[in-house]
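Q: One-letter residues, chain by chain:
Protein chains: 2
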Amino acid sequence: MEKVKVEVNLKTNVMDPQGLAVSKALKNMGLENIKDVRIGKVFYLTFDGEKPDKKTIEEFCSKLLANPVIENFEIIE
Amino acid sequence: MEKVKVEVNLKTNVMDPQGLAVSKALKNMGLENIKDVRIGKVFYLTFDGEKPDKKTIEEFCSKLLANPVIENFEIIE
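As you go down the protein sequences, you meet chains A and B in turn. Once you know that position 50 of the first sequence is 50 in our numbering, the rest is easy, because the numbers rise by one and skip nothing. Once you know that position 64 of the second sequence is 64 in our numbering, the rest is easy, because the numbers rise by one and skip nothing.
A hint or two may mislead.
If chains are identical, the list can't say which one is meant, so a pair holds when it fits in one copy or spans any two.
In silico lysine-lysine, DSSO-like type, Cα no more than 27 Å apart, as pairs [said to hold, decoys possible]:
{"id": "1", "residue 1": "Lys-3", "residue 2": "Lys-35"}
{"id": "2", "residue 1": "Lys-51", "residue 2": "Lys-27"}
{"id": "3", "residue 1": "Lys-41", "residue 2": "Lys-5"}
{"id": "4", "residue 1": "Lys-54", "residue 2": "Lys-27"}
{"id": "5", "residue 1": "Lys-41", "residue 2": "Lys-3"}
{"id": "6", "residue 1": "Lys-35", "residue 2": "Lys-54"}
{"id": "7", "residue 1": "Lys-24", "residue 2": "Lys-41"}
{"id": "8", "residue 1": "Lys-41", "residue 2": "Lys-54"}
{"id": "9", "residue 1": "Lys-3", "residue 2": "Lys-51"}
{"id": "10", "residue 1": "Lys-27", "residue 2": "Lys-3"}
If you are wondering where the hints come from, they were derived from the structure by calculation, not from laboratory data.
Modelling step: build the complete structure from the supplied sequences, incorporating the hints.
A: As structure tokens, then:
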């Protein structure tokens, strides 16, 4: 049983309205020096037996886990 | 300008229907030995000047970023 962690984040030039909403909420709640919030997703994949090779995982990331037009992904472990 | 990364994940005993859907989709796409997928969120907070102390950040995490009933959070850096 092997595990892979994949982090998916919006590209830096893509607007993050959800992050903006969180940033404003934090400011309203008293966190005055908050400047910016960006929100991403993290996937924990568990495999029966051995995990696939990195290339295969990358393929599935760009097909399903991330939208390569607006998101970057990073395979962490 | 300092940054803090916060990861929010569902507690292990909480069902993750979104993760289940991704798991099934990966299997249908040919990733046969996928066993389980869990999906979390990651927040990148940027502060003007110094970041608040850890206790303050924890307070805002449990008030806004995470739902402590079903989610755990981890302040990473």
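Q: If a hint holds in the structure, say so; if it does not, say that too.
A: A quick look at each hint next to the structure:
{"no.": "1", "hint": "Lys-3 - Lys-35", "in the structure": "between (34 Å within a copy, 10 Å between copies)"}
{"no.": "2", "hint": "Lys-51 - Lys-27", "in the structure": "between (42 Å within a copy, 13 Å between copies)"}
{"no.": "3", "hint": "Lys-41 - Lys-5", "in the structure": "both (11 Å within a copy, 12 Å between copies)"}
{"no.": "4", "hint": "Lys-54 - Lys-27", "in the structure": "between (40 Å within a copy, 17 Å between copies)"}
{"no.": "5", "hint": "Lys-41 - Lys-3", "in the structure": "both (16 Å within a copy, 18 Å between copies)"}
{"no.": "6", "hint": "Lys-35 - Lys-54", "in the structure": "between (36 Å within a copy, 17 Å between copies)"}
{"no.": "7", "hint": "Lys-24 - Lys-41", "in the structure": "both (20 Å within a copy, 18 Å between copies)"}
{"no.": "8", "hint": "Lys-41 - Lys-54", "in the structure": "both (19 Å within a copy, 23 Å between copies)"}
{"no.": "9", "hint": "Lys-3 - Lys-51", "in the structure": "within (7 Å within a copy, 33 Å between copies)"}
{"no.": "10", "hint": "Lys-27 - Lys-3", "in the structure": "between (37 Å within a copy, 16 Å between copies)"}
Consistency note: the structure conflicts with none of the earlier hints.
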